[in-house]
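Peer 1: Chains as they are written, first to last, in my numbering: chain X, 1 to 527; chain P, 528 to 926.
There may be inaccurate statements among the hints.
[Claimed, not checked] The calculated lysine to any residue pairs, modelled on SDA-like cross-linking and capped at a C-alpha distance of 20 Å, are:
no., chain 1, residue 1, chain 2, residue 2
1, P, K535, X, I498
2, P, K861, X, Q517
3, X, K78, X, W20
4, P, K535, X, A500
5, X, K407, X, E333
6, P, K861, X, F468
7, P, K750, X, A515
8, X, K122, X, N71
9, X, K407, X, A482
10, P, K535, X, I386
In case anyone wonders, no lab produced these hints; they're calculated from the structure.
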Amino acid sequence: MLFNSYTFAMFFAIFSALYWVLARRVRAQNVLIILGSFIFYGWWDVRFLVLVIVSIAADFLFGWGASGERNRTANISKSLAFLWGTSLTVVAIAGREATWILEWLAGYTAVLCLALFVFENKLGQQARRRAYMWASVTSNLGILGFFKYFNFFAGTFEQAASTVGWHLTPVELSIVLPVGISFYTFQTLSYVIDCYRGQQKPAAQLIEFSSFVSFFPQLVAGPIERARNLLPQFFARRTITLDRFSSGVWLFVWGLCKKVVIADNLAPVADMVFASPGSYASTDLLAGLLAFAFQIYCDFSGYSDMARGTARLLGFELSLNFNIPYIARTPSEFWQRWHISLSSWLRDYLYIPLGGNREGRWKSYRNLAITMLLGGLWHGANWTFIAWGAYHGSVLIVYRALGIDAKLAQSSGSKAIDMARDFFAVAVMSVILLFSWLLFRARSIDAVSSFLVGFAHLTHGDFEIWGFILPLIGGLVLVQTAQVWQKRLEIFGAMSGIPALTSRALVVYSIIFLAAQGSRQFIYFDF
Amino acid sequence: MKALLPLKVFAATIYVLCLGEVFVRLFAPVAIMPRYITGTSYGVRGNIPGSRYKHFTGDVSVEYRINSAGFRSDVEYPLKKPEGACRVAMFGDSFMMGYEANLEDTIPYRLEHAMRESGRPCEVINMAVSGFGTAEMLVALENNGLAYSPDAIVFEFHRTDLDDNVRSGLYDISDGKLRRVRETYLPAVSIQDKLQGFAVYRFLSQYSQLYSAARETLNARAKVALEYLRKADSDAGADEEGTANDSAVEGSDKNYEGRLTALLLVEAAKVASSHGARFYVLDIPGGPDRQSHGHVTSSFDLVDQSIVASLHVVHPEGELDKLLDKGVEAFYHKGPGHFTPSGYHAVAAALFDAMRTADAPPKREETSASAPVDTSISSSPASSFRAPHPARDPSDAGH
Numbered sequence: 001m002l003f004n005s006y007t008f009a010m011f012f013a014i015f016s017a018l019y020w021v022l023a024r025r026v027r028a029q030n031v032l033i034i035l036g037s038f039i040f041y042g043w044w045d046v047r048f049l050v051l052v053i054v055s056i057a058a059d060f061l062f063g064w065g066a067s068g069e070r071n072r073t074a075n076i077s078k079s080l081a082f083l084w085g086t087s088l089t090v091v092a093i094a095g096r097e098a099t100w101i102l103e104w105l106a107g108y109t110a111v112l113c114l115a116l117f118v119f120e121n122k123l124g125q126q127a128r129r130r131a132y133m134w135a136s137v138t139s140n141l142g143i144l145g146f147f148k149y150f151n152f153f154a155g156t157f158e159q160a161a162s163t164v165g166w167h168l169t170p171v172e173l174s175i176v177l178p179v180g181i182s183f184y185t186f187q188t189l190s191y192v193i194d195c196y197r198g199q200q201k202p203a204a205q206l207i208e209f210s211s212f213v214s215f216f217p218q219l220v221a222g223p224i225e226r227a228r229n230l231l232p233q234f235f236a237r238r239t240i241t242l243d244r245f246s247s248g249v250w251l252f253v254w255g256l257c258k259k260v261v262i263a264d265n266l267a268p269v270a271d272m273v274f275a276s277p278g279s280y281a282s283t284d285l286l287a288g289l290l291a292f293a294f295q296i297y298c299d300f301s302g303y304s305d306m307a308r309g310t311a312r313l314l315g316f317e318l319s320l321n322f323n324i325p326y327i328a329r330t331p332s333e334f335w336q337r338w339h340i341s342l343s344s345w346l347r348d349y350l351y352i353p354l355g356g357n358r359e360g361r362w363k364s365y366r367n368l369a370i371t372m373l374l375g376g377l378w379h380g381a382n383w384t385f386i387a388w389g390a391y392h393g394s395v396l397i398v399y400r401a402l403g404i405d406a407k408l409a410q411s412s413g414s415k416a417i418d419m420a421r422d423f424f425a426v427a428v429m430s431v432i433l434l435f436s437w438l439l440f441r442a443r444s445i446d447a448v449s450s451f452l453v454g455f456a457h458l459t460h461g462d463f464e465i466w467g468f469i470l471p472l473i474g475g476l477v478l479v480q481t482a483q484v485w486q487k488r489l490e491i492f493g494a495m496s497g498i499p500a501l502t503s504r505a506l507v508v509y510s511i512i513f514l515a516a517q518g519s520r521q522f523i524y525f526d527f
Numbered sequence: 528m529k530a531l532l533p534l535k536v537f538a539a540t541i542y543v544l545c546l547g548e549v550f551v552r553l554f555a556p557v558a559i560m561p562r563y564i565t566g567t568s569y570g571v572r573g574n575i576p577g578s579r580y581k582h583f584t585g586d587v588s589v590e591y592r593i594n595s596a597g598f599r600s601d602v603e604y605p606l607k608k609p610e611g612a613c614r615v616a617m618f619g620d621s622f623m624m625g626y627e628a629n630l631e632d633t634i635p636y637r638l639e640h641a642m643r644e645s646g647r648p649c650e651v652i653n654m655a656v657s658g659f660g661t662a663e664m665l666v667a668l669e670n671n672g673l674a675y676s677p678d679a680i681v682f683e684f685h686r687t688d689l690d691d692n693v694r695s696g697l698y699d700i701s702d703g704k705l706r707r708v709r710e711t712y713l714p715a716v717s718i719q720d721k722l723q724g725f726a727v728y729r730f731l732s733q734y735s736q737l738y739s740a741a742r743e744t745l746n747a748r749a750k751v752a753l754e755y756l757r758k759a760d761s762d763a764g765a766d767e768e769g770t771a772n773d774s775a776v777e778g779s780d781k782n783y784e785g786r787l788t789a790l791l792l793v794e795a796a797k798v799a800s801s802h803g804a805r806f807y808v809l810d811i812p813g814g815p816d817r818q819s820h821g822h823v824t825s826s827f828d829l830v831d832q833s834i835v836a837s838l839h840v841v842h843p844e845g846e847l848d849k850l851l852d853k854g855v856e857a858f859y860h861k862g863p864g865h866f867t868p869s870g871y872h873a874v875a876a877a878l879f880d881a882m883r884t885a886d887a888p889p890k891r892e893e894t895s896a897s898a899p900v901d902t903s904i905s906s907s908p909a910s911s912f913r914a915p916h917p918a919r920d921p922s923d924a925g926h
């Protein structure tokens, strides 16, 4: 179910009406959230739900174990009852062709029970905690790895083997990537690791934990929430004030505008240019690349805004995921502004455990490189994503080696010079980012070369594409300038009087009259 | 302060609407094309008699003058045809009515002019109503058109008719035959009749781009919603029959539209024939695009050809392509894409040419305005369009 669809509008109208009828009953609201989230997610393919269910049931137990608590029979029974009860319902809805899921589930349950038996009866407390944590890592990354990377690694291995003379029979399974698998997998993984580190108490109730994992506003494309921020909200009574309602609505509307007006109108331009870069002049290639840079930003940040707005309308507060990233002066600033929930996840659960910058300069460079490579791979199984991650890692290392962040943090004493220096830094960063989007969007390394060859020709087209994309980008730049000026991201909900009336009317008119035809899926649903 | 609240709300509303008008004119300009439509005594839509209004598109501004009988014309036509006179009744939608064209450039006007020039003067009555499909044309022919005793009847066919004919629900197919199932089809007419009573509405519909854009957006959304519901309905039907195959259902929908339209045209031909009038179908082709390599494409190919084999169909594609080959625009691009005056002239020329050579056996033909004049036509103008013999039942043809 897409946020930008009539189906979602109908779903949310019915859901929120029922939800607020149950305003005094937190537990009932949580049950409704689980039900609503399962409908929302199952709308794509009801079979995918089994993966969410497995993640909930297993990580609920792993969280308890990793925190040092014993998994009592009641917990295990609840978890297994939930796993099988909901999975059987899913299989009943999916029909006969989905019965293989039950066989797979029986195997998974057997392994899970065996692990629980061994962990609870054969291990001491510290070993048990560690075992639960690693069980969660193995289970989550195993599922993620299988669905996302199996074909990629099987293909790569087969190619590598053939270069040394081993000709293997190609094993390629027709695996469909379940929507948003990387997001909820990382969310549950961080929960268990936090329990292990003693930074998070395990969820007391399965219902609240299920609501936390499956919460539909952020289930399929984030923000990747930390349990310490979101989980307590499922235990508290929710209230909504007129101000919160208004800010939630305008956050959603602005996100919708970014998606349907800017991203979806820029998308055909980017698609067209990237489909055959060889047939475009250099200026058109640049326009296509710029179109993609703003398409992906408005697509993803638009989704995040809609997710946060929807959650706020239900009385929840999700974390900020984008903070005007294209005004970043350095790569590290960029990653503090772009997909913040993933960047901070990679920092806390990968970069710092690897040693961070505590073990000397060279090891910190190594850690940066590994973190960014894996960050690239998180986006998908393709060499271009790995190249994208490697490129970002290299840029971060160069900036750190030259101490650019530290230099920019110092004032020259003159405001004008500081501004000019910042402007130059943003301009350089923009060029760096544009190249990174080329690596990200291109289907293959060959396509990247063909794009670069096209740039090198330095030819110019008729600027028709520029005439189309500049007004769209210009509109966004205007709004973001106002956000920077007011030092506030949610300007539409915060303004009053004529400026509020004018800006809100313009956003709504844009959605009504300038929205691209048809609903287009969000780019990050594929990751 | 509370007393000022209604005033503030009013002022804010006016401000937002004015802002919207400016926004649409700057960023999403649309054609202002109000439809002056009302209900008729025979249950389908008709032009509001005596109305005068304008259309403003990015290409042209055109005035429409509707006579007291609801036809686009400056002339009043008596019901009783003068002795020995010849009459042609033309039915269609906005193309036949001549949207985006002055009266002198419309197909009926050009046809009348061509006939007069050729020495066979004939009254050509423009009975078209924007938005009509074949089903509504047939109802209008039976209940109004025949009363003018036409010697020839022309039905325009445009690809939108396929969908319109199903949506109107006036006819369906039962046991392979056409069946009238609904007496009236007056979508939103009662609302529009009421709104027409307000001067503010008339002003907005005539001059506001914001209103036009909102109306078009709503229309488009409503059509999508209707289509969605219809597809859901047919999917459910297909599921019940155990043939849950999307492409098959879609395919059968298209076949149904094509068959229904074909049967409607055949029925119209039968009605014309039983009143001694010749019947022509005028194909309004789709504009050139990338797929058609810059050429116009026939709309009539979408109709079930096995049913309409006996009809006299006029294909103006050749004439229009000639224009395009010369670099002359045949269609406008900024508005809803009707013909330019050159396009209308070319279609009228093709129709005139086909009517001149109407004694030829009915078959698909690419016509040419430069074809030699058929001298076999009788000196009596009226007789030239009379059906030479009672047509056989066209529904027997093909199946």
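Peer 1: Could you run down the list of hints and mark each one as holding or not?
Peer 2: To see whether the hints hold, each was checked on the structure:
no. : hint            : verdict
1   : P:K535 / X:I498 : 11 Å, holds
2   : P:K861 / X:Q517 : 18 Å, holds
3   : X:K78 / X:W20   : 28 Å, violated
4   : P:K535 / X:A500 : 14 Å, holds
5   : X:K407 / X:E333 : 13 Å, holds
6   : P:K861 / X:F468 : 16 Å, holds
7   : P:K750 / X:A515 : 17 Å, holds
8   : X:K122 / X:N71  : 14 Å, holds
9   : X:K407 / X:A482 : 27 Å, violated
10  : P:K535 / X:I386 : 57 Å, violated
In summary, the numbered hints that this structure violates are 3, 9, 10.
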